[in-house]
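Protein chains in written order, with this note's numbering: chain P, 317 to 449; chain L, 1268 to 1604.
It is worth saying that the hints were derived from the structure and are not from the lab. If a hint is listed, it holds; no wrong ones were tucked in.
If you anchor each label on the Cβ, the simulated ranges turn out as follows:
1. P:424 <-> L:1403: 42 to 52 Å
2. L:1586 <-> P:432: 20 to 30 Å
3. P:341 <-> L:1437: 16 to 26 Å
4. P:432 <-> L:1387: 50 to 60 Å
All C-beta atoms, glycine included, are put in the ideal place defined by N, C-alpha and C.
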Amino acid sequence: MSESQPDHKDSIPFFPDHVSTEFKVVLGVLGVVLIFGILGLVAPLGLGDPADPLNTPLHVKPEWYFLALYQLLKYIPKTAGAVAPVIFVLVVAIWPFLDRKVETTKRNQRIRFIVVAVGMIALIAMTIWGEVS
Amino acid sequence: MDRFERRPVGLVLLLAALVALIPFVNALARASTAPPDPGGNGTSLAASGEILEQAAVESAAVVPQPEQQDPCLHCHIVGENKGIWTPLARWSLFSSMGLLFVFGMYRSASVWKNRTPWVPLTKRAGEWVDERYEVSEPLTKILKKPVPKYALRWFYCLGGITAFLFVTQAITGIMLAFYYKPTPEAAFVSIQYIESQVRFGASIRMIHHWAANLMILMCTAHMLRVFIMGAYKKPRELNWVSGVLLLLLTLVFGFTGYLLPWDQRAFWATTVGSEIAGSIPVIGELALIFLRVGWDVSAQTLSRFYALHVIAVPIFTIVFMGAHFIMVRRQGIARPL
Chain P
317 MSESQPDHKD
327 SIPFFPDHVS
337 TEFKVVLGVL
347 GVVLIFGILG
357 LVAPLGLGDP
367 ADPLNTPLHV
377 KPEWYFLALY
387 QLLKYIPKTA
397 GAVAPVIFVL
407 VVAIWPFLDR
417 KVETTKRNQR
427 IRFIVVAVGM
437 IALIAMTIWG
447 EVS
Chain L
1268 MDRFERRPVG
1278 LVLLLAALVA
1288 LIPFVNALAR
1298 ASTAPPDPGG
1308 NGTSLAASGE
1318 ILEQAAVESA
1328 AVVPQPEQQD
1338 PCLHCHIVGE
1348 NKGIWTPLAR
1358 WSLFSSMGLL
1368 FVFGMYRSAS
1378 VWKNRTPWVP
1388 LTKRAGEWVD
1398 ERYEVSEPLT
1408 KILKKPVPKY
1418 ALRWFYCLGG
1428 ITAFLFVTQA
1438 ITGIMLAFYY
1448 KPTPEAAFVS
1458 IQYIESQVRF
1468 GASIRMIHHW
1478 AANLMILMCT
1488 AHMLRVFIMG
1498 AYKKPRELNW
1508 VSGVLLLLLT
1518 LVFGFTGYLL
1528 PWDQRAFWAT
1538 TVGSEIAGSI
1548 PVIGELALIF
1558 LRVGWDVSAQ
1568 TLSRFYALHV
1578 IAVPIFTIVF
1588 MGAHFIMVRR
1598 QGIARPL
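Please take these sequences and the hints and turn them into a complete structure.
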């Protein structure tokens, strides 16, 4: 627990110093939210046609965060495409129990950064592909 | 008379008498300056009774007209055409109030000179609570807990932004729920109503929509930050697990919320989304039937998604968020290498 009680030189009190910093961040996000609100007044989000179970539109798409997965499912066998994300999520969930080595250098950190960067680029590419196709 | 002595009865009576005097003085002032024309007005005057009677005798056919309002509002306020009595009455009223004010100031000053040290109301309220529940010591401990300086880097605030966006979603979501109707017949129309009729409804819906997307982005960014920096390692394993669950819950929020407008896009996105779930071997069909409540997306699906979106998922999210925060507080923020 020595980590949670840093000495005074490299720490600031939670209140008011840290809280005021957080407050500024909150104000910033609030500004973004207000911009959303003003946008809503200028150009409302709107609705499409009412749902009609008998009439399938030409381009059926899920939400953008499932779009990459949906695009993947078009090109690989369905069972594999459905099992892969489940396994992926399970592995991610128990990842701390798999990667238990205590780190002393920044090497692994860099490797993880590259893995994340490549993964995110692939994900974004798939999403864009799904959006335009 | 003894029992009245310590009460301001005299003052109250005096004020009441002054108030009662106002119409009388006013009427008197009118009588002295502008004698009413025999045609009609001057109803409140004692003296005008006679004039009126005379007028009635002179021309019985003339119906008393309603009193003409003075068109000059400014003259009315200043009391220009009221003669001497109205300004006099006003000045005596105002000056007595002024005397009262001066007296009050004098008393306040003498009380202030002999005062006991002033304790602000907030502090007194705090002491009142603390005397009974002893919250000050643990609260001080919480508030004075040192935060390491490296936690001030910008990428440490992603989780906090997610939490704040969750609060935004809760507030705007409750606002939308006041007007939303989760049935296939009414859902679409109720959202049209929110967009066009409800004051700031379009704003609130826009905020709810975009803050939801932003929340998913921020949640993912926070998770990637923790992953890259290796902050999930011992002793923070369970915090990572709860974080993954929170991300999944956020996605469920998005998935269930997307159906609620009940337009073509929502309907078919849910159809293909639940199809993905349905293609998982062994448990897929079960998941699909659980999500859709049957084989098709129907009114039942809408009800279920609504209940999940506004009751079930929020409860789980709040519980896991609480756990997440408490763990962060207990263990502190992981030190970067």
